[in-house]
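Undergrad: Sequence:
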Amino acid sequence: MKFSSLLVVITPHRRALLAIVGLMLASAAASLMQPWLAGRLTESLLGEAARWGAKDILLLWLVVLVLRSALDFLGQYYTGSVGEQMTARLRSRLFQHMQALPLGYYQQQRKGDVLTLLSNDADIISDFVTHTLVGLLPLLLTFFGAVIMMFLIDPMIAALAAALLPLYHLTMKILGRKIRPLSRSWVDAYSNLVAFLEEHLSMKPAIKSFSRENVEESLFEERNARLLSLSSRQLLLQSLLSPAIGLLAGLGLLMLFWLGSAQIEAELLSPAQLVSLLLYAMLMSQPLRSLANVYGSVQQTRGAAERILQFLGEQTEPGAAGNPDLAPVRGDIRFEGVSFAYPEGNQVLNNFQLEIAAGETVAITGRNGAGKSTIVHLLQRMTCPNQGRIFIDGVDITTVSLTSLRRQIGVVAQHTLLVNGTIAANIAYGSPLVAKSNIEAAARKAHAHDFIETLPQGYQTMIGDQGLKLSGGQRQRISLARTLLVDPPILILDEATSMFDPAGEESFIAECQDLLGGKTVILITHRPTGLDLANRVVELGC
1 MKFSSLLVVI
11 TPHRRALLAI
21 VGLMLASAAA
31 SLMQPWLAGR
41 LTESLLGEAA
51 RWGAKDILLL
61 WLVVLVLRSA
71 LDFLGQYYTG
81 SVGEQMTARL
91 RSRLFQHMQA
101 LPLGYYQQQR
111 KGDVLTLLSN
121 DADIISDFVT
131 HTLVGLLPLL
141 LTFFGAVIMM
151 FLIDPMIAAL
161 AAALLPLYHL
171 TMKILGRKIR
181 PLSRSWVDAY
191 SNLVAFLEEH
201 LSMKPAIKSF
211 SRENVEESLF
221 EERNARLLSL
231 SSRQLLLQSL
241 LSPAIGLLAG
251 LGLLMLFWLG
261 SAQIEAELLS
271 PAQLVSLLLY
281 AMLMSQPLRS
291 LANVYGSVQQ
301 TRGAAERILQ
311 FLGEQTEPGA
321 AGNPDLAPVR
331 GDIRFEGVSF
341 AYPEGNQVLN
351 NFQLEIAAGE
361 TVAITGRNGA
371 GKSTIVHLLQ
381 RMTCPNQGRI
391 FIDGVDITTV
401 SLTSLRRQIG
411 VVAQHTLLVN
421 GTIAANIAYG
431 SPLVAKSNIE
441 AAARKAHAHD
451 FIETLPQGYQ
461 TMIGDQGLKL
471 SGGQRQRISL
481 ARTLLVDPPI
491 LILDEATSMF
501 DPAGEESFIA
511 ECQDLLGGKT
521 VILITHRPTG
531 LDLANRVVEL
541 GC
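Numbering (our numbering), first residue to last: 1 to 542.
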């Protein structure tokens, strides 16, 4: 994907852009009238032949000033509004792509890098389009309009002003060339800081336990200082660019004033024409300053655009859309010659064969790294095998939609993932529109209802980030209730008893006996107690 294609994705409706450009063009036209009015006023004050009196000209000038102010207000407000819509549209586009990426992508990325895309990078792109790209046409109109009016007054002086343009361009190119790599480095440093902060917050308990506060402060200061250094260098170049162009424009203006004075002495130019000429020259210098900022903005935007385009170019999950839904299943599962290796080359499964009958409970054991959790990910198509196929009820899982497949597989994982919300919201996470009675029924099945009722707000109790206000066993039961509410025909318990002590594990296993009836269950465990649930045991790595 190219930068131009990214602009097509996020650019608002054509009418909105045309309205913004129209307002800006009208404001530019009002600006071009003022030097002409100044010339007419000078003629009137000097007693030269004039069509209007001074009062009439001043009244017309007042109308132009009011009109331009109104146009500037409408233009800035509408541009800001459209910019916010563009930022929201770009964030939505990025978030949609996030949903379609495979789990493996996030296992290789820092969360802070992804968060930066939806915050800083999206804002930079939106600001570039609405404040820089859209405003480019009025700037060019003002600049070339001023040049044309100068040619009509005095072609020689106008030609000299045009001859200075290559010098302005060279200055912008030299400084702008240094801004681009700095902008990319700044974005990377900002992303690095956000990633560090996200990791720091998730590691707070460990930081406190190991008294790493001073070490963490040093690491933060190192990243913060790096960002500050890049910001200062970038600010220096950006601040230098516009004044440098302004200085050149000012020197050119003084040169024009000197030439204009000589033209007046030679009676080739009237004082009124010189006033208009100098004001047009000043008006021409304002777009030059703005165009210098445009050049710097382009270089800064490229860094954010490169990151966004790289992200949007990431391969989505295969078969994420377009496949037919998987019909309700009994739960027969077959792994046929499945091999899987991680990208770094670590072979996990080699020609793996396994058949599980509907309603059967199979325990899968083995050493760490033998591929137990990999089997779960392959069954859910979180990742794809290098060789072999997987069938549910005789249907190749690669031929059905991901949503319909995953809705029929429930997972209670070792590391319970909960949102910072109420207990009810967490239980209903997979079925947001379900009735309260169904939530309580699922909690009763998971034997979570009793402890929930003892909490001050019951099912409306806020549990904090990742359920930190609950014990490990309570979080596990909430996770089980969440899965039972969906009522999938295939259930995976991935070290689901790891948070329990031996007595709690035995109680949990006994309670699960009634819950698992009629379901196909894959039980992944290291602990012998969990094997009591299984009809048979499959040991990996033997």
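Please keep in mind that the hints were generated in silico from the structure rather than gathered at the bench. All figures in this text were calculated on a predicted structure; none of them were measured in a lab. Hints may be right or wrong, so weigh each one.
Said to hold, decoys possible - As a list, the in silico DSSO-like pairs of lysine-lysine whose alpha-carbon atoms are at most 27 Å apart:
(1) Lys469 / Lys445
(2) Lys208 / Lys469
(3) Lys111 / Lys55
(4) Lys111 / Lys469
(5) Lys469 / Lys519
(6) Lys436 / Lys519
(7) Lys208 / Lys111
Claimed, not checked - Okay, the calculated beta carbon distance ranges per label pair:
(8) Ser471 / Ser92: 36 to 42 Å
(9) Leu531 / Glu221: 15 to 21 Å
(10) Asn438 / Pro343: 25 to 31 Å
(11) Asn438 / Ser232: 55 to 61 Å
(12) Tyr342 / Asn438: 47 to 53 Å
Note that the Cβ used here is the ideal one computed from N, Cα and C, for glycine as well.
Undergrad: Now, for every hint given, state plainly whether the structure supports it.
TA: Results of checking the hints against the structure:
1. Our distance criterion of 27 Å between C-alpha atoms is met by Lys469 and Lys445, whose separation comes to about 22 Å.
2. For the suggested pair Lys208 and Lys469, the alpha carbons sit about 17 Å apart, so the restraint of at most 27 Å is met.
3. Pair hint Lys111 plus Lys55 does not hold up; C-alpha atoms about 66 Å apart against a cutoff of 27 Å.
4. As the CA atoms of Lys111 and Lys469 are separated by approximately 24 Å, the hinted pair is consistent with the 27 Å bound.
5. Proximity of Lys469 to Lys519 is assessed by CA-CA distance (about 32 Å); at most 27 Å being required, the pair is judged violated.
6. Restraint check: the Cα-Cα separation between Lys436 and Lys519 comes to about 24 Å, which is no more than 27 Å; the hinted pair holds.
7. For the hint linking Lys208 to Lys111, the alpha-carbon distance of about 22 Å falls within 27 Å, and the restraint holds.
8. For Ser471 and Ser92, the Cβ-Cβ distance of about 38 Å falls inside the hinted range of 36 to 42 Å, so the restraint holds.
9. Hint check: Leu531 to Glu221, Cβ distance near 51 Å, so the stated range 15 to 21 Å is violated.
10. Asn438 and Pro343 have their C-beta atoms about 42 Å apart, which leaves the hinted 25 to 31 Å range violated.
11. Between Asn438 and Ser232 the beta carbon distance is about 58 Å. The supplied range of 55 to 61 Å therefore holds.
12. Remark: the range hint 47 to 53 Å for Tyr342 to Asn438 is contradicted by a beta-carbon distance near 40 Å.
The structure does not agree with the numbered hints 3, 5, 9, 10 and 12 stated previously, though it agrees with the rest.
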